[in-house]
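In order, the protein sequence lines correspond to chains A and B. Just so we're aligned, residue 1 is where the first sequence starts under our numbering, counting upward by one. Just so we're aligned, residue 1 is where the second sequence starts under our numbering, counting upward by one.
Derived from the structure by calculation, the hints contain no laboratory data. Every residue, glycine too, gets a C-beta built ideally from N, C-alpha and C. Check the hints yourself; a few may be wrong.
A short, non-exhaustive set of chain A residues, derived as facing chain B with CB atoms under 8 Å [stated by the list, open to error]:
| no. | residue |
| --- | --- |
| 1 | S22 |
| 2 | T24 |
| 3 | Y32 |
| 4 | Y33 |
| 5 | P41 |
| 6 | L47 |
| 7 | V48 |
| 8 | R50 |
| 9 | A53 |
| 10 | K96 |
| 11 | L103 |
| 12 | F105 |
| 13 | G108 |
| 14 | Q110 |
| 15 | K112 |
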Amino acid sequence: AQTVTQSQPEMSVQEAETVTLSCTYDTSESDYYLFWYKQPPSRQMILVIRQEAYKQQNATENRFSVNFQKAAKSFSLKISDSQLGDAAMYFCAYRKTGGGNKLTFGTGTQLKVEL
Amino acid sequence: DAGITQSPRHKVTETGTPVTLRCHQTENHRYMYWYRQDPGHGLRLIHYSYGVKDTDKGEVSDGYSVSRSKTEDFLLTLESATSSQTSVYFCAISESRGTEAFFGQGTRLTVV
């Protein structure tokens with residue numbers, strides 16, 4: 001079974017600074033997808049960024065980028081120029097290709113943004 | 001925003017009573033899912049559906065049943081609610097060839 005591990009329950013960052021959230025996963029599959037979801041206090045699950053395993057290039061979405069290391073099974077999220085609105089719970093998630101598109105989530109990292 | 005509506009948004013119920021949560025989508029997506037979110041566990045899959053009347057279990061399915069009689073509706077039933085089922089429940093949908101899952105707003109269920 002696939003597992004996703006987020007080893008940082010909480011992280012803090014100063015406004016305008018950069019922070020990196022860690023995620024590792026375990027799978028025997030070669031074709032899969034990885035995601036970072038953001039959950040603000042409103043409880044809504046918001047997709048931040050996705051990465052296809054077959055792509056070597058790291059995904060980037062504005063201030064959000066990932067460091068995808070397939071051999072190491074590592075998928076970290078970097079947030080640049082942190083803003084107060086970035087404060088939220090962040091979940092790393094894995095999905096293999098096919099198989100019902102089911103997501104396996106990590107336990108989450110609570111990000112605090114300080115002035 | 002993807003058209004997903006969960007109802008109710010909040011519910012308090014007593015131990016031993018049956019409870020049904022509803023998920024309704026307007027996107028005509030094939031797959032529908034029920035997850036529960038608990039502190040320290042992230043989101044865990046309860047059941048999912050890959051078509052009308054086609055459902056399968058997830059990793060935490062004990063004590064839950066589901067039904068999907070129409071493409072747009074996916075019901076989650078707690079046959080006899082227990083305090084361990086106090087949680088936030090999320091419905092999600094995805095397309096057959098899509099990569100992204102879209103989530104509802106969640107239902108906070110408290111079993112007293």
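Now for the hints, and whether the structure bears them out:
The closest approach between the C-beta of S22(A) and any C-beta of chain B is roughly 14 Å, which is over the 8 Å cut-off, so the hint fails. At about 14 Å, the closest approach between the beta carbon of T24(A) and any beta carbon in chain B exceeds 8 Å, and the interface hint on this residue is violated. Using the Cβ-Cβ criterion of 8 Å, the hint placing Y32(A) at the interface with chain B is not satisfied: the shortest such distance is roughly 10 Å. For Y33(A), the suggested interface contact is upheld, since its CB lies about 5 Å from the closest CB of chain B, less than 8 Å.
The restraint placing P41(A) at the interface with chain B is violated, with a minimum CB-CB distance near 12 Å, outside the 8 Å limit. Taking 8 Å as the C-beta contact cut-off toward chain B, the hint placing L47(A) at the interface holds, the least distance being around 6 Å. Hint on V48(A) is violated. Least Cβ distance to chain B is approximately 11 Å, over the 8 Å limit. At a threshold of 8 Å, the smallest CB-CB gap from R50(A) to chain B is about 6 Å, leaving the interface hint in force.
The interface hint given for A53(A) is broken, as the beta carbon of that residue sits about 11 Å from the closest beta carbon of chain B, more than 8 Å. Because the smallest distance between the Cβ of K96(A) and any Cβ of chain B comes to about 12 Å, over 8 Å, the interface hint for this residue is violated. At about 6 Å, the closest approach between the beta carbon of L103(A) and any beta carbon in chain B falls short of 8 Å, and the interface hint on this residue holds. The criterion of a C-beta within 8 Å of any C-beta in chain B is met by F105(A), whose closest approach is roughly 4 Å, and the hint holds.
At about 5 Å, the closest approach between the beta carbon of G108(A) and any beta carbon in chain B falls short of 8 Å, and the interface hint on this residue holds. With a least beta-carbon distance of about 10 Å to chain B, the hint placing Q110(A) at the interface is violated under the 8 Å criterion. For K112(A), the shortest C-beta to C-beta distance to chain B is roughly 16 Å, which exceeds 8 Å, and the interface hint is violated.
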